[in-house]
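Student: In terms of my numbering, the sequence shown has 65 at position 65, counting the first letter as 1, and numbering is strictly consecutive.
Honestly, the hints are just simulated from the structure, not real lab data.
Fair warning: this is a prediction, and the values are worked out from it, not measured in the lab.
In this text, a Cβ means the ideal position worked out from N, Cα and C, and glycines have one as well.
Treat the hints with caution; some may be incorrect.
[Said to hold, decoys possible] Restraint-style ranges between C-beta atoms, simulated for each label pair:
| no. | residue 1 | residue 2 | range |
| --- | --- | --- | --- |
| 1 | 143 | 78 | 38 to 48 angstroms |
| 2 | 86 | 134 | 41 to 51 angstroms |
| 3 | 40 | 134 | 20 to 30 angstroms |
| 4 | 107 | 82 | 34 to 44 angstroms |
| 5 | 107 | 141 | 16 to 26 angstroms |
| 6 | 85 | 50 | 43 to 53 angstroms |
[Said to hold, decoys possible] Taking lysine to aspartate or glutamate pairs in the DMTMM-like style, the calculated list, with each CA pair at most 20 angstroms apart, reads:
| no. | residue 1 | residue 2 |
| --- | --- | --- |
| 7 | 93 | 106 |
| 8 | 102 | 68 |
| 9 | 102 | 72 |
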Amino acid sequence: MVCSASMMSSPTVQQRSTFTPRIQIKSRALKASPRTSRQVTRALSDTNLIISGATGLSLALGRFVFLDFQRDNVSRQGLPEQNGITYVEAGDKLSEEASFLKSTNDPAGFNLVDVFAWGAIGHIFGYAALAIISLNSLGVNPAPKF
Numbered sequence: 001m002v003c004s005a006s007m008m009s010s011p012t013v014q015q016r017s018t019f020t021p022r023i024q025i026k027s028r029a030l031k032a033s034p035r036t037s038r039q040v041t042r043a044l045s046d047t048n049l050i051i052s053g054a055t056g057l058s059l060a061l062g063r064f065v066f067l068d069f070q071r072d073n074v075s076r077q078g079l080p081e082q083n084g085i086t087y088v089e090a091g092d093k094l095s096e097e098a099s100f101l102k103s104t105n106d107p108a109g110f111n112l113v114d115v116f117a118w119g120a121i122g123h124i125f126g127y128a129a130l131a132i133i134s135l136n137s138l139g140v141n142p143a144p145k146f
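Given the sequences, and given the hints that come with them, work out the whole structure.
Tutor: In structure tokens, the structure reads:
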């Protein structure tokens, strides 16, 4: 193919006999725009602060407020049983809980699963707050009408 400066920049595909595509791009000279604008990137935007704040608050609530409540409910519920014995006692070795997920150096026992769960809850509340702020800026009242 012949490359010409007057042709538009569009890819063309040539087929060989072995069915492997060969792509050639026709190019043309591009001129710099006389008006260039600079984009300023801020390290801490409102979005970053809202999501980080909601996630941090959720992790703190999960660690210092709700951890004992959650552990008490799990211990009261116990392991799943069938015919009065647990799955592990019945010989199911695959039903044992993974020990690496429960191990932690935190004195209260806040482990990796707790961090993921409370972090996800914090992200949900953060994005909900961003959606409400966005709707308010558009003039829409997001409050339900009963």
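Student: Among the hints numbered above, which are violated by the structure, and what are their numbers in rising order?
Tutor: Violated hints (numbers, rising): 5, 7; every other hint is consistent with the structure.
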